[in-house]
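Protein chains: 2
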Amino acid sequence: MEHKLEDTIALLARTPAALDALLRGLPEMWTEVGEGVGTWSVSTVVAHLIHAEHDDWMPRATVILQSGETLPFPPFPRDGYVRFKQVKTLGQLLDDFAFIRTKNLSDLRALNLTSEDLNRRGRHPAFGPVTLSQLLATWAAHDLTHLHQISRIMAHQYREAVGPWSRFLGVMQCAGHSSAA
Amino acid sequence: MEHKLEDTIALLARTPAALDALLRGLPEMWTEVGEGVGTWSVSTVVAHLIHAEHDDWMPRATVILQSGETLPFPPFPRDGYVRFKQVKTLGQLLDDFAFIRTKNLSDLRALNLTSEDLNRRGRHPAFGPVTLSQLLATWAAHDLTHLHQISRIMAHQYREAVGPWSRFLGVMQCAGHSSAA
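Residue numbers (the working numbering), protein chains in the order written: chain W, 51 to 231; chain Z, 51 to 231.
Here chain W stands alone, though its shape is the one from the complex (with noise of 0.2 Å):
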């Protein structure tokens, strides 16, 4: 199950730069507008990835090496992106998400985790022991669950657009969710 933490870093430090090339100065048509009533904007998911560099990754790992399967991970509330968001435009979103990940990858990498260190486990408050390890893997697999939905939400403004051919896109039929808890 152990994964080379190198590979994971090598896309969690490509993640921002990525984001900013695809959205950076985008028409709102295809960043601010969801899939319909209650779901997220484009512009949402970013905050929403900039509140688990604060909030989820990081501080989890610390609890993890700190208290192991002691403490549960403190909770991670879904709608927590607001305080982030507030009345940021994209632009600045995406300006601090790649300020956060910078330092977050920057703490990281000071851990010099060993393989030892990876195999240590927490306690997720919804599925038990989890390793470090995994952990981690799931930060980067966390960053491709929210391109995947943001590439679905996209190609859900064109829905209409594209006429016969929807039923040939493939991100057209997908009814994937992101939820990482």
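Bear in mind the hints are in silico, worked out from the structure with no lab data behind them.
Here the structure is a predicted model, which is why all the values come from computation and not from measurement.
Idealized CB from N, CA, C, for every residue including glycine.
Check each hint, because a few of them may be wrong.
[As the list claims (entries may be wrong)] Just so you have them, the derived chain Z footprint on chain W, three or more residues with Cβ under 8 Å:
(1) 145-159
(2) 170-182
(3) 203-213
With chain W's structure known, arrange chain Z on it following the hints.
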């Protein structure tokens, strides 16, 4: 059904840099492995995007403008990526994609398409009449379906590594497949 061509161009112009920022220099376990026997790696997806730049979007737009519905679009075989992939590295493929996309968008802008042009119809070999507007919207949505696929292929490599988190990651539940015709 009509869409704003500038929205489409804004996205098409950003995809090569977004893929470059995400993929260039990543370890090959992310980019050279598919989702099982006979499936595409990330590198193959990029080669397919290059193939579509050469043989799909602008050639079909030209058929619509020159021949309307009298000629069906030429075929676009799914394995046509092979002649663009060859033995190229992912870095070379990303360069090729950026180059041909820039050229195609320059050619598209030079057409100075009017609303009347966008409503002109061509004939898809499988599902009949389509408008130029629908073709160009599909060009952008096709980028998104493959960004969606790329995130899914990459996440697949971490199915084991994330442990119990796999069932909470939307991208790992996705069975959507890209098959733009």
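Outcome of the hint check:
no.: 1; hint: 145-159; in the structure: violated (count 0)
no.: 2; hint: 170-182; in the structure: holds (count 5)
no.: 3; hint: 203-213; in the structure: holds (count 7)
Hint violations for this structure: number 1 only, all remaining hints satisfied.
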